[in-house]
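Just so you know, the protein sequences line up as chains A and B, in that order.
The opening position of the first sequence corresponds to residue 65 in the working numbering, with each subsequent residue numbered one higher.
The opening position of the second sequence corresponds to residue 9 in the working numbering, with each subsequent residue numbered one higher.
Here are the in silico distance ranges between beta carbons for each label pair:
hint, chain 1, residue 1, chain 2, residue 2, range
1, B, 211, A, 185, 38 to 48 Å
2, B, 29, A, 70, 28 to 38 Å
3, A, 169, B, 96, 48 to 58 Å
4, B, 287, A, 75, 51 to 61 Å
5, A, 93, B, 100, 37 to 47 Å
6, A, 128, B, 184, 42 to 52 Å
7, A, 172, B, 51, 34 to 44 Å
8, B, 33, A, 182, 51 to 61 Å
9, A, 134, B, 139, 27 to 37 Å
10, A, 184, B, 100, 48 to 58 Å
11, A, 159, B, 51, 46 to 56 Å
12, B, 31, A, 75, 36 to 46 Å
13, A, 72, B, 211, 14 to 24 Å
14, B, 51, A, 101, 25 to 35 Å
A few chain B residues that don't get close to chain A, going by computed Cβ distances all over 10 Å:
hint, residue
15, 32
16, 54
17, 78
18, 150
19, 169
20, 170
21, 184
22, 219
23, 250
24, 283
25, 290
26, 297
Just so you know, the hints here were simulated from the structure itself, not pulled from any lab data.
We put the beta carbon where it would ideally sit given N, CA and C, even for glycine.
In case you want the letters, here they are:
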Amino acid sequence: MSVRVRIDLDSPTPQYEQVRAQIAALVTVGDLDDGDRLPTVRALANDLGIAPGTIARAYQELEAAGLVVSRRRIGTLVTAPPRTLVTKAPRDAATNLAALARVQGLTDQEAHDLLAAALLKHGRAAQPEVAQ
Amino acid sequence: MSVVLIGLSLLVVGGALGLLWWDQRRSVAPNDAARRAVRHAAYTSAVAVACLAGGLLAAVGGQDSGVMTGMGRLVAVVPAATGALFIVAHAIGDLTWPGPQGRQREADLEVRTVSGIAPTGLARWTWTMGALLVVATVAFGLAASGPRTISRTLENGQTYTLGSFPGWWFGAPVLIATIAVALACAATLRVIAARPAVVGTSTDWDMWLRRRSARRVLRGSQLVACMTLAGTSLLAGTTVRSLGLGDTQGFYATSVNHGYVVVGIIISWLALAVLAAGTLVALVPVRDHAPDPEAAVPSTERVAP
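Excised from the complex, chain A in its bound form (with noise of 0.2 Å):
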């Protein structure tokens, strides 16, 4: 099984979210496994055709948030956290409302406004702390 991330160039969004969010998906969904290797920051922003500077703000983000470690001479390892693992409920509830929208034929941006309203109306949860 291949597991792809597709960037669109024309969308506001900019590009390392759109990584960013992809990969975040996939380790989410579990497509990405805990110990999964993801290709070097040059070979992933070649083959996207983007700079490797891109890539590389997408992983640290991505590290920032406790989903991937990068260590040296290994490359950068997915690091499923237990807290996207145990969270079954909101994982259905989520692919739920993405069936839903595709039953309404809403566009993926407004599913994704559906659910940031729905977090926005809910208030901002509390940030886990960060060891200094």
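Given chain A, put chain B in place with the hints provided.
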């Protein structure tokens, strides 16, 4: 002789380019991007082969015409220098590899490593030849009695010295050139592994094209390593044999030492064997056809929501 040399040069370069053209024509390319990629790879290899063959033939011509007489050190590093040109041509070709076009792009999250694209046997052979060259150069340097001479002690206590022998005079530049070629080869293999994937092709097809590029780089690298090893070993073997035979006609009539003669002959034969093996590995085709896009089973694809 120069006409023969020019004719031979044209024959070798023309043959190599013809082989590349034929290889490009028979390659199965599933789409236009793939055809462009195969063509780019063929042009890259054509330039690289022209650099390699041109450099080697220029050196042969220089030797033949006497221009390079007395330039032993230069002759010793010619294979490595032309090999470096060959590798640099490949590196430039892969750094300028056609990237994806269009506003919507996608990429496999596939990890590509050098070990994944370089044929294992060929890679091992190439590194072994490089290591053997380093070991042989150091051994000859240690065995030498001077920068480019070797000696043996006669029965009467006097020493009998002969040259040219690949001591440190030849060994130092050969070592530096060998290390430079090895580093360039390793770096180019990394470039091949990281170059853009060919749009609209399966992972298998893309990896096949990378394997082919890596194989060409390794073949050229091992060829220059084998040529340098064969050249230095042949020089060493011939000199050691002459040292063993002695100079029965000279002022100091020296006796024959059969040990030196046998060692010299063995080294010379080993040198010829290494040259033959390197040439065979460089030229013998391998069975690694492009995956047929018609027969390929489409892989399951997962894209982030």
